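Based on the provided sequences and hints, a complete structural model is requested.
Heads up: the protein sequence lines correspond to chains R and L, in order. Following this note's numbering, the numbering of the first sequence begins with 1 at its first residue and continues without gaps. Following this note's numbering, the numbering of the second sequence begins with 1 at its first residue and continues without gaps.
Keep in mind that a hint or two might mislead.
Said to hold, decoys possible - With a straight-line cut-off of 27 Å between C-alpha atoms, the simulated DSSO-like cross-links for lysine-lysine are:
#1 R:Lys74 x R:Lys149
#2 L:Lys154 x R:Lys136
#3 L:Lys32 x R:Lys191
#4 L:Lys17 x R:Lys117
#5 R:Lys136 x L:Lys147
#6 L:Lys128 x R:Lys435
#7 R:Lys249 x L:Lys154
#8 R:Lys279 x R:Lys441
#9 L:Lys163 x R:Lys249
#10 L:Lys111 x R:Lys435
#11 L:Lys170 x L:Lys111
#12 R:Lys117 x L:Lys32
#13 L:Lys17 x R:Lys184
#14 R:Lys191 x R:Lys35
#15 L:Lys17 x R:Lys144
#16 R:Lys12 x R:Lys249
#17 R:Lys12 x R:Lys136
#18 R:Lys370 x L:Lys128
#19 R:Lys70 x L:Lys32
#20 R:Lys184 x L:Lys111
#21 R:Lys249 x R:Lys48
#22 R:Lys117 x R:Lys184
#23 L:Lys17 x R:Lys136
#24 L:Lys154 x L:Lys111
#25 R:Lys74 x L:Lys32
#26 R:Lys48 x R:Lys4
#27 R:Lys184 x L:Lys32
#28 R:Lys12 x L:Lys154
#29 L:Lys154 x L:Lys85
#30 L:Lys170 x L:Lys85
#31 R:Lys117 x R:Lys70
#32 R:Lys149 x L:Lys128
#33 R:Lys35 x R:Lys136
#34 L:Lys17 x R:Lys149
#35 R:Lys136 x L:Lys32
#36 L:Lys163 x R:Lys278
#37 R:Lys435 x L:Lys163
Hints are computed from structural coordinates only; laboratory data are not their basis. In this text, all values refer to a predicted model and were calculated from it rather than measured experimentally.
The residues making up each chain are set out below.
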Amino acid sequence: MAIKILTEHINKPGIETFEVYRQHGGYAAVEKALKKMTPDEVVEEVKKSGLRGRGGAGFPAGMKWGFLAKPEGKPRYLVCNADESEPGTFKDRHLMAHSPHTLIEGMIVASYALGAKTSYIYVRGEMLYVIRILEKAIAEAYAKGFLGKNILGTDYSLDLYVHPGGGAYICGEETALLESLEGKRGNPRNKPPFPAVSGLYNCPTVVNNVETIAAVSWIINNGGEEYAKVGVGRSTGTKLISACGNINKPGVYEIELGVPVEEFIYSDEYCGGIAGGKKLKAVVAGGSSVPVLPANLITKTASGENRLMTYESLSDGGFATGTMLGSGGFIVFDEDQCIVRNTWNFSRFYHHESCGQCSPCREGTGWMEKVLHRIEYGHGHAHDIDLLVDVARKIEGNTICPLGDAAAWPVGSAIRHFRDEFEWHIRHPHEATRKGAVYRKEAVLV
Amino acid sequence: MIEHTQTDVRFPEETLKQVREIISRYPEGRQKSAILPILHLAQNEWNWLSAPVMDYVATLLDIQPIEVYEVATFYTMFNLEPVGKYVLEVCRTGPCCLRGAEQLIEHIENKFGIQVGQTSPDGMFTLKTVECLAACGGAPCLQVRLKREGGIHKYYENLTPEKVDGLVEKEWV
Chain R
1 MAIKILTEHI NKPGIETFEV YRQHGGYAAV EKALKKMTPD EVVEEVKKSG LRGRGGAGFP
61 AGMKWGFLAK PEGKPRYLVC NADESEPGTF KDRHLMAHSP HTLIEGMIVA SYALGAKTSY
121 IYVRGEMLYV IRILEKAIAE AYAKGFLGKN ILGTDYSLDL YVHPGGGAYI CGEETALLES
181 LEGKRGNPRN KPPFPAVSGL YNCPTVVNNV ETIAAVSWII NNGGEEYAKV GVGRSTGTKL
241 ISACGNINKP GVYEIELGVP VEEFIYSDEY CGGIAGGKKL KAVVAGGSSV PVLPANLITK
301 TASGENRLMT YESLSDGGFA TGTMLGSGGF IVFDEDQCIV RNTWNFSRFY HHESCGQCSP
361 CREGTGWMEK VLHRIEYGHG HAHDIDLLVD VARKIEGNTI CPLGDAAAWP VGSAIRHFRD
421 EFEWHIRHPH EATRKGAVYR KEAVLV
Chain L
1 MIEHTQTDVR FPEETLKQVR EIISRYPEGR QKSAILPILH LAQNEWNWLS APVMDYVATL
61 LDIQPIEVYE VATFYTMFNL EPVGKYVLEV CRTGPCCLRG AEQLIEHIEN KFGIQVGQTS
121 PDGMFTLKTV ECLAACGGAP CLQVRLKREG GIHKYYENLT PEKVDGLVEK EWV
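See below:
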């Protein structure tokens, strides 16, 4: 039985209540950290654990905490990024809705480590029911003395609030999230200064994903070194993978990093194989922003090794033949899905969600959407494929925040691996626009 | 886009209490932070955000009306024109489309004789498409804000045209 760090008790009846959560060992990490450890010792354990940011970037969490400036007389903030909006990703919603105290406990320990006296959980506005669940759990934690003044009789006090978003993918970017939390449009900020120096209300701030913060309690209870023993190499610990698309068992799975991708797709413990006994065509392994890979490259690297669910293995081969673990939004395409149509769909998404600050993203995402639309609907030109590659390249790296890259990568990778499918759409518009028509290239199907 | 149709805008006392509690969550002088939670309260009260409603929110937060307008127009959850009693917000993003979202949208359009963005003639339903709702495991999905449940957006997952028909008959009445 694989180790469960975040979801061991998630199916226990009543785990959303303080009592049941506590019966299963909940809040032990708060007691241990506040009574027996200094804040720096907590940071040190997280550094030792090798825990990496679970929102998508994979930056070492302990290092991020270490960067936090501590000027005299200025408050510091911890903000939890629960603005889960990356297509294919629904792990944080799952965790918060079923076991809210897992996040709250992690927030208390992390806030203590960072010296934050007020912390916020920024939840996307659509998840109002999750906000209600969190607020109820927070009220319980206050009532039991785990939040508020002098927690457990110590000198440490903390207020924790939930803040709703308003419907904007861009607010998942940490500086846009801070703008939004300050009551403004979610326009990302130029960096530097980084939030660690000047974040919320111009004060030093750490922004961490839900899953990252939720892992902290286990690390404090069991030690950073124990956590680092789970997983493979620099991909330590477990990861929540939200699997969706054409599979038999969509859902959220906590995996030990290092599970072979092939096992993840076909084992009954996880996705349970492709629905309807069809063949696998492609996978977007880490949320819509990461490069799409054809079946033959998702299960094996270009050099023929088994690909594993780790940061390193999934990115083996760079963008030429690899992808990224990203947020863990694992989207599976069967042989009847059209890559052109999906790429157009994703481009529409990024065009819709671009905040409009940077010209390459504001204009480029719209151009890509239009060009992909005309290819999909049988009006493509022979030069459109190169045009798309050109536009994607000009967006990538030329914007304030990573949304530009996120918009460019799906297009670039789809053309890289499925160029013949785009060409087929352009050369055979009548056939390609026939209802249910799909281009098949047996070599990439598994 | 912004219409001026409502006058006499004021939250009930109970909601005003909530507004004061929300403002207290942020440091002094940072009351503007409360804008999104209060706009959600306003939308639940009046169903959509008219200019007078946004002006009222500005007075509650002691900020300029333009500061409310620019926020309300940026975030997609806010209705800037009148909508039906139930706003069906159907996810149109990739993972949902892999499992039939496009057919679902078409079915709803045909059922009410409306297109995306329009309201049914009886004023009951507005159809909107939205981007990923973080419910891809239950694709295709949609959400509906239920005033009777305090404005909670309820998620409906693993939908089929038949299930939507059933919901129209029994749940959204």
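Here is what the structure says about each hint:
| no. | hint | result |
| --- | --- | --- |
| 1 | R:Lys74 x R:Lys149 | holds, 19 Å |
| 2 | L:Lys154 x R:Lys136 | holds, 18 Å |
| 3 | L:Lys32 x R:Lys191 | holds, 23 Å |
| 4 | L:Lys17 x R:Lys117 | holds, 25 Å |
| 5 | R:Lys136 x L:Lys147 | holds, 20 Å |
| 6 | L:Lys128 x R:Lys435 | holds, 25 Å |
| 7 | R:Lys249 x L:Lys154 | holds, 23 Å |
| 8 | R:Lys279 x R:Lys441 | holds, 12 Å |
| 9 | L:Lys163 x R:Lys249 | holds, 20 Å |
| 10 | L:Lys111 x R:Lys435 | holds, 22 Å |
| 11 | L:Lys170 x L:Lys111 | holds, 16 Å |
| 12 | R:Lys117 x L:Lys32 | holds, 20 Å |
| 13 | L:Lys17 x R:Lys184 | holds, 23 Å |
| 14 | R:Lys191 x R:Lys35 | violated, 37 Å |
| 15 | L:Lys17 x R:Lys144 | holds, 25 Å |
| 16 | R:Lys12 x R:Lys249 | holds, 21 Å |
| 17 | R:Lys12 x R:Lys136 | holds, 18 Å |
| 18 | R:Lys370 x L:Lys128 | holds, 21 Å |
| 19 | R:Lys70 x L:Lys32 | holds, 26 Å |
| 20 | R:Lys184 x L:Lys111 | violated, 39 Å |
| 21 | R:Lys249 x R:Lys48 | violated, 35 Å |
| 22 | R:Lys117 x R:Lys184 | holds, 23 Å |
| 23 | L:Lys17 x R:Lys136 | holds, 18 Å |
| 24 | L:Lys154 x L:Lys111 | holds, 21 Å |
| 25 | R:Lys74 x L:Lys32 | holds, 20 Å |
| 26 | R:Lys48 x R:Lys4 | holds, 19 Å |
| 27 | R:Lys184 x L:Lys32 | holds, 8 Å |
| 28 | R:Lys12 x L:Lys154 | holds, 24 Å |
| 29 | L:Lys154 x L:Lys85 | holds, 14 Å |
| 30 | L:Lys170 x L:Lys85 | holds, 15 Å |
| 31 | R:Lys117 x R:Lys70 | holds, 13 Å |
| 32 | R:Lys149 x L:Lys128 | violated, 45 Å |
| 33 | R:Lys35 x R:Lys136 | holds, 26 Å |
| 34 | L:Lys17 x R:Lys149 | holds, 23 Å |
| 35 | R:Lys136 x L:Lys32 | holds, 25 Å |
| 36 | L:Lys163 x R:Lys278 | holds, 26 Å |
| 37 | R:Lys435 x L:Lys163 | holds, 24 Å |
The structure fails hints 14, 20, 21, 32 (numbered hints given earlier, in ascending order).
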